[in-house]
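Colleague: Once you have looked at the hints, place chains H and R on chain A.
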Amino acid sequence: MSVSIAAIVDALGGQCLGDSAIEIDAIKSLKDAGERDISFISHERYKAQLETTRAGCLIVGDALADQAKVRGACIVTPDPYLYYAKLSQWWRRQYGSQVQCGVHPSAYVAATAQVANDAWVGPFAVIEEGAVVKRGAQVGAHAHVGIAAQVGANTVLHPRVTIADGCCVGDRCVVHSGAVIGADGFGFAPHEGEWIKIEQLGNVRIGDDCEIGANTCIDRGALGDTVLGQGVKLDNLIQIGHNVKIGDHTAMAGCAGVAGSATIGAHCTVGGGAVVLGHLSLADHVHISASSVVMRSIHKAGHYSGVFPLDDNSQWEKNAATLKHLHQLRERLRALEKQK
Amino acid sequence: MSVSIAAIVDALGGQCLGDSAIEIDAIKSLKDAGERDISFISHERYKAQLETTRAGCLIVGDALADQAKVRGACIVTPDPYLYYAKLSQWWRRQYGSQVQCGVHPSAYVAATAQVANDAWVGPFAVIEEGAVVKRGAQVGAHAHVGIAAQVGANTVLHPRVTIADGCCVGDRCVVHSGAVIGADGFGFAPHEGEWIKIEQLGNVRIGDDCEIGANTCIDRGALGDTVLGQGVKLDNLIQIGHNVKIGDHTAMAGCAGVAGSATIGAHCTVGGGAVVLGHLSLADHVHISASSVVMRSIHKAGHYSGVFPLDDNSQWEKNAATLKHLHQLRERLRALEKQK
Amino acid sequence: MSVSIAAIVDALGGQCLGDSAIEIDAIKSLKDAGERDISFISHERYKAQLETTRAGCLIVGDALADQAKVRGACIVTPDPYLYYAKLSQWWRRQYGSQVQCGVHPSAYVAATAQVANDAWVGPFAVIEEGAVVKRGAQVGAHAHVGIAAQVGANTVLHPRVTIADGCCVGDRCVVHSGAVIGADGFGFAPHEGEWIKIEQLGNVRIGDDCEIGANTCIDRGALGDTVLGQGVKLDNLIQIGHNVKIGDHTAMAGCAGVAGSATIGAHCTVGGGAVVLGHLSLADHVHISASSVVMRSIHKAGHYSGVFPLDDNSQWEKNAATLKHLHQLRERLRALEKQK
Chain A
1 MSVSIAAIVD
11 ALGGQCLGDS
21 AIEIDAIKSL
31 KDAGERDISF
41 ISHERYKAQL
51 ETTRAGCLIV
61 GDALADQAKV
71 RGACIVTPDP
81 YLYYAKLSQW
91 WRRQYGSQVQ
101 CGVHPSAYVA
111 ATAQVANDAW
121 VGPFAVIEEG
131 AVVKRGAQVG
141 AHAHVGIAAQ
151 VGANTVLHPR
161 VTIADGCCVG
171 DRCVVHSGAV
181 IGADGFGFAP
191 HEGEWIKIEQ
201 LGNVRIGDDC
211 EIGANTCIDR
221 GALGDTVLGQ
231 GVKLDNLIQI
241 GHNVKIGDHT
251 AMAGCAGVAG
261 SATIGAHCTV
271 GGGAVVLGHL
281 SLADHVHISA
291 SSVVMRSIHK
301 AGHYSGVFPL
311 DDNSQWEKNA
321 ATLKHLHQLR
331 ERLRALEKQK
Chain H
1 MSVSIAAIVD
11 ALGGQCLGDS
21 AIEIDAIKSL
31 KDAGERDISF
41 ISHERYKAQL
51 ETTRAGCLIV
61 GDALADQAKV
71 RGACIVTPDP
81 YLYYAKLSQW
91 WRRQYGSQVQ
101 CGVHPSAYVA
111 ATAQVANDAW
121 VGPFAVIEEG
131 AVVKRGAQVG
141 AHAHVGIAAQ
151 VGANTVLHPR
161 VTIADGCCVG
171 DRCVVHSGAV
181 IGADGFGFAP
191 HEGEWIKIEQ
201 LGNVRIGDDC
211 EIGANTCIDR
221 GALGDTVLGQ
231 GVKLDNLIQI
241 GHNVKIGDHT
251 AMAGCAGVAG
261 SATIGAHCTV
271 GGGAVVLGHL
281 SLADHVHISA
291 SSVVMRSIHK
301 AGHYSGVFPL
311 DDNSQWEKNA
321 ATLKHLHQLR
331 ERLRALEKQK
Chain R
1 MSVSIAAIVD
11 ALGGQCLGDS
21 AIEIDAIKSL
31 KDAGERDISF
41 ISHERYKAQL
51 ETTRAGCLIV
61 GDALADQAKV
71 RGACIVTPDP
81 YLYYAKLSQW
91 WRRQYGSQVQ
101 CGVHPSAYVA
111 ATAQVANDAW
121 VGPFAVIEEG
131 AVVKRGAQVG
141 AHAHVGIAAQ
151 VGANTVLHPR
161 VTIADGCCVG
171 DRCVVHSGAV
181 IGADGFGFAP
191 HEGEWIKIEQ
201 LGNVRIGDDC
211 EIGANTCIDR
221 GALGDTVLGQ
231 GVKLDNLIQI
241 GHNVKIGDHT
251 AMAGCAGVAG
261 SATIGAHCTV
271 GGGAVVLGHL
281 SLADHVHISA
291 SSVVMRSIHK
301 AGHYSGVFPL
311 DDNSQWEKNA
321 ATLKHLHQLR
331 ERLRALEKQK
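Chains as they are written, first to last, in my numbering: chain A, 1 to 340; chain H, 1 to 340; chain R, 1 to 340.
Chain A extracted, bound-state conformation (with noise of 0.2 Å):
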């Protein structure tokens, strides 16, 4: 498990300053990085780092070049965050642990499911009938795809994900542990102080480059279909709602909630632990601070935050207690500007 400097080169790309001879270990960060190990320079505010530095090799931008080749071995690529997302996934296919094939004999595919032949069925997972896992693509270990529900080409089902029936995830999407993708949504109807249940009839749609995170939960759609964009990235714990509709290449960090019917636009962020309601649309390109409360529609693109800030406690309670009358302290100054 090492690789020299040319060979890095030879497959991603940049210019090599320096000895490229040099053979890497590992990659790292600037901090825990030696001799023998690849790191990389993302952004100005870790320049100083170059300094201190142990790296035997460091991804640069153009700005930095002329300093880095002074301390040794270094790529030179426009956009060094880039390059490395691109050797940790080159990374990955050395290194990493080998794309399986086959149906393990744990296993239990229902007679009319279709499981591609270089598709991997792992052990104790379930394929029900009607059901396809198209070519390339990885269920793990214990995981369900329910009746008629379809895995796309080279997706990656992580163990314990859950597709119900009449679920479809694209192409090279990936599903982490936990997943549930297509329980029912939460729809009741009010009738003499109990509630009604309001059966889910439609499904949930996940585009092609789509990742999930570990026990997030997307729900299927009353009537019509929750439905995922391209490229759309969630991370762990979050909650999608029924009917939802998410637009391509929007991001979500965890913990965020996406309640019912609502519908975000096309690269969009929504930071952790954010909620939006339901019903509600935001525009595309919008940015959400994480543990924000999106309680309107957003129709203009922009960063928006409504977070309390934190405090001593002390400090807080006071500050608190005083929010309670904040609209009276509003009304007292009014009046005190009249007078004036």
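Rather than coming from a laboratory, the hints here were simulated on the basis of the structure. It cannot be assumed that every hint is accurate.
It does not matter which identical chain is meant; a pair holds if it fits inside one copy or across any two.
Claimed, not checked - Only pairs whose alpha carbons sit at most 20 Å apart, straight line, appear in this in silico EDC-like list of lysine to aspartate or glutamate: (1) 324 <-> 312; (2) 197 <-> 208; (3) 324 <-> 311.
Modeller: For chains H and R alone, coordinates are given in the frame of chain A:
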């Protein structure tokens, strides 16, 4: 999969105006419905869509009957949303996947477990010693019913549900994939800077007609049980701490959390992401807005909120910074007032 | 399942006042306890219940010994809550379900996996190539121990836990159902409006004596590992991002989230639903209130909060609306002050 309006009215009641022989293929939203679909108008605010929808049949209330019958067939009923709920259930019974019975050959059922003859135990499910699965219950693939646990009659455990040792789920419940009923409550005694585990010796008891969402967790009691009443509806990714009591017909939206020993009344609603702190009591008919935090007991029915309003990030930054001085602002205002 | 007070004191210490021959059936709360139950008074505020409880035996501190012995048998000990914790453990060892050993015939253990002779591997569990399950460890039904992963001695993995490839859990840990240890961290490089995956090449390392709650997720590191120290206690549905470090004996309540590369000190507590943003540092002995959001590093031990106070919805609406103008209000106040 098509049915006449007459057959629907025959099954569910209501008055058909117009051509009751029209064949219906699907239930759809007002926007998506075509001439072989049925839709519904549940609220005044959708009235304008009466003119634009192409639905072959509309479910409407008395007030809209005249207007609706002019455009085509309709079913008139006092509560169109309730009618839709019942129609969705009827539809599911007609066209949904069939209820199964028996024990899948790959499942593991312990010697002293009792499984009713007409119950279903899916692939790789585990029913431990002394557990009881009552008549008509459906235990999905990879589900786990612990030692001496009970699954009520006609209850559905979706694939990969955990009912831990000694916990009971009532009749006609639905538990979605990934839910964990009966993990240990979070209890530790502090001792010389470390945490000493308090074994959680209670169980979870869930009433009849409850629904528990995907990946929701309900912890077992420390001493005594965690208890959900009748008809409680919990959405996905909800955390219910040990010894919580939830009254009949209370509903909570996704990502809500209730800390240990809190008591929630009957007929309450808790919005998505809202938090109820430990040891508090909420009266019946209390409604908590999404993302609000309940820090004191609430003894009076009503609607309660506490969320920082969303704003442009730059505006929010200014207001949040000022909020840290709010108490001082009040003091300054008071000083000015005194000078008058 | 009954034991004399004498036997309890014999096992756990403390001084018995009154009739030590009384037989005890269960540990119960002050309110629920009857004459064959033992209960405890852990705090001044429960003192009033000393008069009303019907418990056959009370665990009390020195200050209440005189009062307690008047009403009946008691055990006097410096820290009644700690005594209760130890009693709960003792009780569980006596009466809980028995520790098993061996490999259930339905489990899948790969050829190169090592499982200690006295460890237990439950039904349908999967132990992958090169994985190690140490002595006395309990691997529950449907659990998955990935390639080269390690489960420490006497550690309990409850049913349906995922320990992904290469991740390690220390000795004497408890991991609850649905927890996912070692899913990919959420890392992508933006490139021409799309997200390029950064393969997550690190692992997760969990120290000894940790407890991980149900459906909690701890992501593997991007480069280097995500690390939990000794005695860390995480409740349910918590999200721990990649490369987070958590110091010894820190505890977090349900639904908390820690974003990538944050460093939490030792002996901290993080309340339910609280969020710590990425790349921040928290000193030792920092306590964050429930639902608060940490947006800057905290270098000083203390108690920090930031939550919008709950109010009647109508009051909240007025105050929230005014809050959007708070900065302006300050300006107006300043103007008035200048006029003086």
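Colleague: Each hint: holds or not?
Modeller: Status of each hint after checking the structure:
{"no.": "1", "hint": "324 <-> 312", "verdict": "both (19 Å within a copy, 10 Å between copies)"}
{"no.": "2", "hint": "197 <-> 208", "verdict": "between (32 Å within a copy, 14 Å between copies)"}
{"no.": "3", "hint": "324 <-> 311", "verdict": "both (17 Å within a copy, 7 Å between copies)"}
Against the hints set out earlier in the document, no violation occurs for any number.
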